[in-house]
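Using full-length UniProt numbering, the letters of the sequence shown correspond one by one to residues 1 to 99.
These are calculated hints, taken from the structure and not from any lab test. None of these values were measured; they are calculated from a predicted model. The beta-carbon is built from N, C-alpha and C at its ideal position, and this holds for glycine as well. Mixed in with the good hints there might be a few duds.
Label-pair distances were calculated between CB atoms; the ranges are [to be verified]:
no., residue 1, residue 2, range
1, Asp87, Asp48, 34 to 42 Å
2, Glu6, Met69, 18 to 26 Å
3, Tyr24, Lys60, 26 to 34 Å
4, Tyr81, Glu11, 20 to 28 Å
5, Asp87, Val18, 22 to 30 Å
6, Glu31, Val59, 15 to 23 Å
7, Asn9, Asn49, 33 to 41 Å
8, Lys2, Lys60, 18 to 26 Å
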Amino acid sequence: MKSSIEYENKEFQHLGSVVINSGYSDWVTTEIDANIKQIWYRLSRREDNFCLECSEDGVKYKQMRICYMSKANDEIQFGVYACSPEDSSFKATFNISQI
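Construct all of the structure, not just a fragment, from the sequences and the given hints.
The structure is reproduced here in structure tokens:
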């Protein structure tokens, strides 16, 4: 599973997540205001079922997706990335507070 924030323009950006099962990727995106400069993610798991949530303040979380991962191992890898389409660049900082 991957989670992302993608700056689109001065009005909005996208939060995204992708899950790959049996070689097929399943994307989910959520539009947020371009002025949001910080985002928190929370991933929880029950057996092979996962819930990904996001928050603008680190307190109140909203569900982004619930998914089943067919080949989930006991240990999983969770990645976060940021991207900006076309010919633009920016500085991204990631802080992992708890795993």
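To see whether the hints hold, each was checked on the structure:
1. Judged by the Cβ atoms, the range 34 to 42 Å given for Asp87 and Asp48 holds: they are separated by roughly 40 Å.
2. Distance hint check for Glu6 and Met69: the Cβ-Cβ separation is about 23 Å, which falls inside the suggested range of 18 to 26 Å.
3. For Tyr24 and Lys60, the Cβ-Cβ distance of about 33 Å falls inside the hinted range of 26 to 34 Å, so the restraint holds.
4. Remark: the range hint 20 to 28 Å for Tyr81 to Glu11 is upheld by a beta-carbon distance near 22 Å.
5. A hinted range of 22 to 30 Å for the beta carbons of Asp87 and Val18 is consistent with their spacing of about 24 Å.
6. Roughly 21 Å separates the CB atoms of Glu31 and Val59, a value that falls within the hinted 15 to 23 Å.
7. Checking the proposed 33 to 41 Å range against Asn9 and Asn49 shows it holds: the Cβ atoms sit about 35 Å from each other.
8. A hinted range of 18 to 26 Å for the beta carbons of Lys2 and Lys60 is consistent with their spacing of about 23 Å.
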